[in-house]
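One line per chain: the protein sequences are A and B, in this order.
Quick note: the first sequence, position 76, residue 463 per our numbering, numbers continuous.
Quick note: the second sequence, position 382, residue 462 per our numbering, numbers continuous.
Do not rely on the hints blindly, as some may be mistaken.
[Unchecked claim] Taking CB as the label site, the calculated pair distances span: (1) A:P448 with B:R108: 16 to 26 Å; (2) A:D444 with B:S244: 43 to 53 Å; (3) A:S499 with B:S198: 38 to 48 Å; (4) A:S485 with B:G181: 50 to 60 Å.
[What the hints assert, rightly or not] So these bits of chain B aren't anywhere near chain A, every CB distance computed over 12 Å: (5) E94; (6) E98; (7) Q101; (8) S103; (9) A104; (10) G228; (11) C313; (12) E354.
[Said to hold, decoys possible] Here are some of the chain B residues that sit facing chain A, going by a computed Cβ distance under 10 Å: (13) T91; (14) E93; (15) L95; (16) L96; (17) W99; (18) V102; (19) A106; (20) R107; (21) Y213; (22) D216; (23) L277; (24) G279; (25) R280; (26) A303; (27) S305.
Hint data in this document are derived by calculation from the structure and do not stem from the laboratory.
Glycine included, every Cβ here is placed at the ideal spot set by N, Cα and C.
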Amino acid sequence: MPELDSADADRRFDEVFQTCWLPTFRFALAWTNDWPAAEDIAQDAFARLWTRRQTIDWSKPMLPWLLQVTRRLATDRFRRLRRVVRLADSPAATALDSDARLRWLDLQVAMSTLTPVQRSALVLTAVVGLDYDSAAVALDTTPGAVRAAVSRARISLAEQ
Amino acid sequence: MRHRPSRSWSTPEELLEEWAQVSALARRPAPARARAPRRIIAGAAVAVAALSLIAVVAVAVIVTRPLGVAAPPGPTATVSASVLHDLRPATWRIDPSAEIGPESTSVPVLLTERECASAQSPEGRVAEPLIEYTADSIVIVLRVQMIGGDCPSNPEFPMTVELSEPIGQRTLIDAGEDPPTERWAPRAPTGTEPTILCGRHDEDRCHRAVDLVAAEAPAAVAAASAIVVDDACAQYVLCDRFYPFMSVVVLVPADRTVEPLPFLVVGTDYWPEEVREWAGPLPEHVVELVESVRVEPTVPTGPPSPAADRDRARDRLTELTQLTCFEETEGAQQIDDSTHDRVVELAGGAGWANIDSVWVGEVRWALSAFGSWEVLEESDESALIVRWAGHYPQALHLRTFTRAGRPPITVKDYELRVCGDPTWQTPSDPPSGTPPAFERPPDAPHPDGLRTDLADCSELDVVRTSDDSGMSFEYKVMSFTYFDSDGDEQYAEVRFTDIACQEHLVIGWLIGHLIETVSETEAPLPTQRPDSE
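Just chain A, with the same shape it has in the complex (with noise of 0.2 Å):
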């Protein structure tokens, strides 16, 4: 099965990880409010679409499927375990200023009130922009369900 030309396959991935890394990302930081594991989580992903770049057809919307990965790879018990190894002993980890930072802990702790669901529901449809179907297939279940997680993380969020 012949294929994809290598430069070809390279300029779509670089495509892709230029359109598709932020939101990746983001789903990522949702699901685990977790900078340094968001970075970590959102790269393997990548690496594992770099790793087939030469085989996939790249006319289909490949967020959805970054996504699906982002998800597997933040609910993997045993790279949680691996992700202390790294951290513990890289606490600039991020790439943040003294101020973002700041910031970032006032957030992480406002959404640290949420479940990993209700956060990624909310970032998936208020930041992320994806309608409920494209976020349910990213988090592995139904609109509806999309739906409630969303309107009980605002009610959350409000009552703080």
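With chain A's structure known, arrange chain B on it following the hints.
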């Protein structure tokens, strides 16, 4: 110091705006593919440099630790993590020359650095191990300070991992490997030790060969009911071969439906030294030995007592619930979209409830738990098991259907209720034939002495925990009612411990053996390019 929030928002919308702004500051890996290609290049480099490295590694082994000599005891050769930096997980395996058992608290291992290090020894760069002790496993992460360099294979580094408690009947898992890999598993408990048939070998060579295989495939050895060892060459036959010692080690599982697992063990001095994959069919003389040790299945002579049936069901449940995630084991597997649609149609359409996933399994075990023994043994009712969830996260509805062409459809409706959340509710539009809404059974003495005061969910001894990533749920007690084929309401309660995979928990109730496997460990990629034929 604990961070004190200094929030700059007053509404969820403002918070989300702030979240969007901050998250947009995420650094992008630069260059974009810096991480991914390195793995690939490393793999290629390993392949290219393999031959030369074999010599290098061989020399290293000979110089630092002659074959058959245990790793140096005493100091673990690790350094405090506080004085190291850029630590990265490394992989390891049990030192094949060492013997460990349930009572061991020291684990001699051979560490291999994963990061590119120009094949330099990690000596002086290995940090104290991270060890997680659980009921059924000990998870070990070894870490090495990264120094960078080219990417040939790195040498194995012998060291000893000191445990704070004996291994016991737990597996040792290397979580520095991706995915985490089992490195050692306890042998079957006394009384079920595998029978070892040594063929034409003396006991020393025979058991040495078995030990080598055990180091390579600990789980398979632990699961074997018998192990057959014999020379690969049949008796009275001249064989042209390179190794003086060349034998087959066959792990024979108790389950006759599972194929025996053969290994080739070779040695240059008529002594077992190395395990390799066995290729091709087994020699006939070995097949005869395997057949001689295979245990005939026990044919039930009559219905067991209810208590025995219950015990059996509980054992099976225990077995299932000790698994961390059914999706990754022999449990049910999520089926593809087309089958999903067919099942939805079978179930009477999607209007009844939100069907978020469909699983395929067999109700054999469920029947053994809740039905009569005769039904279990005489019926081979393979069934589709459908799970409804979605809007009702606390109400999981299970329904089973026999497969097409099977005996008349037996529908069993279950309502399984995870208590502890007052928002639980029942769908309002059940399909015809479904019994009325969930009702608590009357308080009655339970034969197992479990709790019976179930008038209120809050009274149940339910523990539910989750961490930041949403996993590691733990349910201590669950109860449910179900309606048997006669329409009679039945009640059951069971206690779970150490459940780590909520999504698949319920499936463990019903699934005995997989009848249709659709492996889906990752989300499906978009299809192959149409012009790529």
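Here's how the hints hold up against the structure:
| no. | hint | verdict |
| --- | --- | --- |
| 1 | A:P448 with B:R108: 16 to 26 Å | 20 Å, holds |
| 2 | A:D444 with B:S244: 43 to 53 Å | 52 Å, holds |
| 3 | A:S499 with B:S198: 38 to 48 Å | 43 Å, holds |
| 4 | A:S485 with B:G181: 50 to 60 Å | 53 Å, holds |
| 5 | E94 | 10 Å, violated |
| 6 | E98 | 6 Å, violated |
| 7 | Q101 | 8 Å, violated |
| 8 | S103 | 5 Å, violated |
| 9 | A104 | 7 Å, violated |
| 10 | G228 | 15 Å, holds |
| 11 | C313 | 42 Å, holds |
| 12 | E354 | 30 Å, holds |
| 13 | T91 | 7 Å, holds |
| 14 | E93 | 8 Å, holds |
| 15 | L95 | 6 Å, holds |
| 16 | L96 | 5 Å, holds |
| 17 | W99 | 5 Å, holds |
| 18 | V102 | 5 Å, holds |
| 19 | A106 | 5 Å, holds |
| 20 | R107 | 4 Å, holds |
| 21 | Y213 | 12 Å, violated |
| 22 | D216 | 14 Å, violated |
| 23 | L277 | 37 Å, violated |
| 24 | G279 | 40 Å, violated |
| 25 | R280 | 43 Å, violated |
| 26 | A303 | 22 Å, violated |
| 27 | S305 | 30 Å, violated |
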